[in-house]
Structures are given as C-alpha cells and as structure tokens.
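Based on the provided sequences and hints, a complete structural model is requested.
There are 2 protein chains.
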Amino acid sequence: MKIPKRKFFLAAVVLLMMQLAWSQDSILYVDAATLLMTGKAKTTDSIYQRIDTIDRKGMPPAVIGLAKQSAGIAVLFETNSTAIRAKWSLPKEVYMHNMTPIAHSGLDLYCLKDGKWQFVGVARTGKGIHQDQLIVRNMDSTMKQFMLYLPLYNGVGSLQIGVQRNAIIQPPAHPAVNKAKRIVVYGSSVVQGASASRPGMAYPAILQRRTGYDVINLGFSGSAKMEPALAAYLATVQADCYILDCIPNPSPQQIKERSYPFIKYLREHQPDIPIIIVETVFRQNGYWDQQVGQTVKDQNNEIRKTYERLLKEGYKNIYYLETDKLIGNDHEATVDGIHLTDLGFTRIADALLPVIKKALKRK
Amino acid sequence: MKIPKRKFFLAAVVLLMMQLAWSQDSILYVDAATLLMTGKAKTTDSIYQRIDTIDRKGMPPAVIGLAKQSAGIAVLFETNSTAIRAKWSLPKEVYMHNMTPIAHSGLDLYCLKDGKWQFVGVARTGKGIHQDQLIVRNMDSTMKQFMLYLPLYNGVGSLQIGVQRNAIIQPPAHPAVNKAKRIVVYGSSVVQGASASRPGMAYPAILQRRTGYDVINLGFSGSAKMEPALAAYLATVQADCYILDCIPNPSPQQIKERSYPFIKYLREHQPDIPIIIVETVFRQNGYWDQQVGQTVKDQNNEIRKTYERLLKEGYKNIYYLETDKLIGNDHEATVDGIHLTDLGFTRIADALLPVIKKALKRK
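Residue numbers (the working numbering), protein chains in the order written: chain B, 839 to 1201; chain S, 839 to 1201.
There could be a bad hint or two in this list.
Remember, identical chains collapse to one label, so a pair may be satisfied in a single copy or spanning two.
Restricting the straight-line Cα-Cα distance to at most 27 Å, the calculated cross-link-like pairs of lysine-lysine (DSSO-like) are [what the hints assert, rightly or not]:
| no. | residue 1 | residue 2 |
| --- | --- | --- |
| 1 | Lys951 | Lys1135 |
| 2 | Lys951 | Lys1163 |
| 3 | Lys906 | Lys1154 |
| 4 | Lys1094 | Lys1199 |
| 5 | Lys930 | Lys951 |
| 6 | Lys1102 | Lys951 |
| 7 | Lys954 | Lys1135 |
| 8 | Lys1135 | Lys982 |
| 9 | Lys1017 | Lys930 |
| 10 | Lys965 | Lys930 |
| 11 | Lys906 | Lys965 |
| 12 | Lys965 | Lys1195 |
| 13 | Lys1154 | Lys965 |
| 14 | Lys880 | Lys895 |
| 15 | Lys930 | Lys1150 |
| 16 | Lys1102 | Lys1135 |
| 17 | Lys930 | Lys1195 |
| 18 | Lys965 | Lys982 |
| 19 | Lys1063 | Lys1102 |
| 20 | Lys906 | Lys880 |
| 21 | Lys1063 | Lys880 |
| 22 | Lys895 | Lys954 |
These are calculated hints, taken from the structure and not from any lab test.
These numbers come from a predicted model, not from an experiment.
Rendered as structure tokens:
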C-alpha cells in the first residue's frame, strides 16, 4: 500500500508533537518539601539543612557552614509513576579530589522491595548549580515507596521530584523508616560521608537501611572537635543511641581536655541513652608516615583513657569500639588513607551493627 | 641563659634557609621512564599509552582514543627516600560524575611489605593539567620497593618521581610483579576501572597484587565490542590467560554476530591459552527499568549460547563466569547501577581469582 505523502507528513507531525508533549508536559514536578523528610535531628527553618539557625549559636563557624550541607537527609514518598526525575539547585559548584560529583552534589534513590530498601539509581550531576536529571524510567506502575538521599558535601536550595502527570505522588502512608527509634551519629568527614561513591553509601545511611531506624548524620568534615556547644546541642537531640565518632579531628591534647567533659555533659543530660565511642579509623598512610601514625595512636590513647576514667567513675551504658575492629586489615578500605570508600563504609557498618543492637537491647 | 638578639636572629635566618633549601632543592626528580613499567601489553612508542600506534590500525576510533589512557600501567621502583613526590602532566582536564579526580587523573602508591603490596597514599589532583603533589613523607629510610599506578581515565604526558636528593631511586633489583606470568583482561569501562576510588582499586590491579602476575588492562570504556581488529590484536599479546569481560557494551545482536568468531579467532591463534568469559554485571537499575533489565538478560543469553556452541564444537580450556557470581546480591556494589565501586571490585576479584587459579593450573 502506498501512503500519500501528505498523510505521511501529517502522521510524522502528530508523532513529533506527541513526543514533545511527553518530554515537556508529561512530567509533573512536586516540591519535595511537601513530602516526608527523614534523617533530620530537628525541624529547621531551611528544610534541607541539618541544624537550625537558633541551635547554631555558639558553634564554631566551620560547623555552622557544614550544618548547611544536606548529608544524611532523605525524602520519602510513594508513587506509581513509571519514571522519576529530579530538579535541584545547589548553593555552589563543588570540586573534591576524593569524591565523585554524584556523592558530593547528586541524589541517590532507593525503593522498598519485600520490606528491604534496594538501590534504584542516581541523579548524576553536571557542572553548574542547576541540575535536572532522569533517575529511572520504564518501571512497572505499581505503587512503591521510595527514599531519595540528598547530597553529602553540598547543600540543596530547592528540590522538585518529577513523576508522570497521571501518576500519584504523596508522602508514604506507612513510612519504612521507623522514626520511633533514632540513632544520632556525631563525627568527622567519615560520618559526613567522605568518600562514599553516592549519598546512600555513607555509613549512617547504611545503618539506617539496615536497622530501619531514623539515623541522624551529624558529621562535620574536619570539624568534629567536641566543643561544649556541640555537647549542649547533642543533648537536646532526641536519641535512642549516640555514636561519637569524633576522634579523627581533634588533636591528642584536645581529646585529653575535651572528651571527658563532653561525654560527662551528654551523660548527665541524657542519663538513659547509650553512648558508643568509636576510636579513629587508623589512617592508612600512618603505617608509613611515622608522624601521622604516632598522632593516630595518641588520639586513640587519649580517648581510651577518657573511656576508662568514665568506667572507673561508675558511668554506665557506654560502649567502646577499637580501631582494629573498624575497616578490616587489608589496608584497602580508603580512597586516600583516611576517607572510607563504600568498601570501608560497609565494613564499619558491619562492625557497628552488633554494638548498636546490644546497646539498644540493654536500654 | 639569655641568647643575644643578634645570634637569635642569625639562627632564625639559618633555619629559614634550611627550610627553603629543603622545600626547593632537596627533592630530586627522576623521569619515571627510566624506571620499570608494568601492566603493559607490549612496548609502545609513547610509554604511558596502552596500545602502540602500529597496532591501532583498523581499530575503532573510540578504542584508539581510550588506548591513550594509562589504565593499568604502573611504575616500579625502589628507594630509601623518606618522602616521595610526583609531578605529572595530563593531556586534558577531565570531569566524570561517577569517578573521583584521584581515580581518573591521580596516582596511587603501594609499597612491598613482608612480600605483600600495601597501600601507601595517593597523589591527589587539583584542577588543571599540571600536577605536583606530595604522596608520602616521614617514612623510615630503609630501602623499599614501590609501585605507582597511573590515571585510569586520563593519559599521562610526562611523569617525574621526586625523592630526597641524597636518596637512591632505581628500578627494583627484584621486581615483585612476576612478568613471566601474564593475565590479559579485555573489556568495558568496568575493566578500565569505572568507578574505582583510586587507580589501584580497578579489578585488574587488585588481581595483579593478589596473584603477583603482570595483569594487562585492556578495558575500553563503552567500546569493548569485539571487532575483528581487537581479536587480531589480542591474539598477538603474550598471555597465560585471557579474561573476556566485554559483554556490557555490545548489543545482544552484536554479541550474537561477533562473539563466536571473536573467541574462535583467539582460540585458533592461541590454542593453549585459557580463556575466561565473564557475563555482564547485572545493571542494578535493570531490576527497575524493565528495558534495561531485558537487554542485560539478552546480552547474557547470547554470550551463553556462544559458550555452549564452542563447548559443543569441542573447544577446550574455556571458562565461564555467570553474572550472579560477580558482585554479591545486596545491590550495593555500584556507584550508578553499572560501574563498580571498590566494594564491587573487591567482590568481582574474589569471584575471578579461583577461576584464574584453576585455568592457570590446568594450563
């Protein structure tokens, strides 16, 4: 059969218009702020920040800056859309020699499948501060619960999640993150997520998926130095367990001076909450650089002394995790000697989980 | 004792001069080309490239471009210097959303300790194409053997290794990479090293350290499509074992058309060399994107059919590794669904090692 040229042309135009309609109009964007946030210590004035303006008073400037980054925050929603997109704006363009752009500025999507969170895909990042990316398409159209992790080492100005126009998107009726139980992790760059390959592989996020609890990432890169203002803040954050992984940043002298009053304050203001103290990961270059190696040993010696003093003084419900239990012994778990890769984060999560379970059980 | 002001001033000047002398003059740079290269298929006109100009004839332009990247090449040397620096030039500035700058453009240093390669440190990368970085300092001054991996997704124009002026640096007297045994890996971006956190964590490099053999990285990102020119080239590369991990890139139709003649050519020209065929890693987004999932299944079905056909026709010494054996079943081994992180690379190396041992034993 010969198709008349005019009809063929018309059909082509219609097809092109349908395609344009799909690409431009068939996606409906909803503001993520209307969905459900998880991984937040408290409500904040700027929803994608970790510490509220009012709580930042007295904190060091570096911590205040890092508290504006979105590490550990995730958006929960359910949708039956077969495709999911995201548009988000970043306050600044970031370059990190030891992290992927996906990890420092991208998004990481999981879906609940048979009661477990399973990786779906990432929103990669191009250069610039305005991002607009497809995360997944061609899914079946059953209703599913999703969790979207935000950037680890950047902030989020605005975030919109795109689904098909005819699909439902809403806060989940039965959120799979149990907000009744909360683990609060205070620490350094390792806690904040350097150097996970994507936001969901920072170890607080791994712990969150494995326990089902709400896990709060209070990792402040290079700046977890146990100042009194941080103890005061931590004591006001509702928790069922505190993890203190803050030994990599302070000097041995600072640990000597600060760790005892810091933990004592926390214990006195939260007498029933278990505290897990984590020694610093042994810097792998410290096996070669003798100065670095000595500093790491001194840091761990000082926190060990504080722990033993607390025990001697009768403090209870304090747990302690030694450096040689954290990331294996093949020396392969870091990108640069100190910052953990997904291999390191998987190992430290494996090490922490039984301690957390024990702590929560006793509580 | 009171120190006279003038003496104090003089002492300060001398100290400052000593410091300047250390920082500016105390490092001696040697051209890495004068040391020992490993991980190279053959000698090439440009030493930091993977395939020589003369061998590139007839290869697809994409493969020719990628062959200029230095994935898998490492420099072996021994030195008693307490510090090691590097200056290197890159042909271009690279941005990759799913890789760290250290991995695509940086250097990764290992040292031999008690007969095993142990991670020492990385040469991070700043922006730009001229890099000059300290890798390690404060080591003891015993003579040690080092291996420095080159960038995975960039080239190297020039490379100089810096040691203390009074130290010895030379090709190792007893290189710890056994060049008498060679494993040649042909494959996609996964083989080239996306998305290892640093050059030494690409799986051919992990295999190299674990076996002690020379392992040749012929990974060509997105471009391992089994063209006849590649079979012809591979057959000329001296090997004790071929690993064909080239299923992620070609379409199911291309695998159907190309895999049989490709492997047949290799077998006929190298009748005694074991061949290990690896199915494609199951793209993790393929559990959600039904089109992607179907394509991956079709790719693996096609290579499976070729393998069974070869067996039926009496071809021997061919090994086969299924997709479900490669990277675990927790869906956490990739940065973006397809490219392996250090967690994924550790798992795929674990899966490949026993097959390699079996293949080499039988040979």
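ask   = Where does the structure disagree with the numbered hints, that is, which hint numbers, in rising order?
value = 3, 4, 5, 6, 9, 12, 13, 15, 17, 18 and 22
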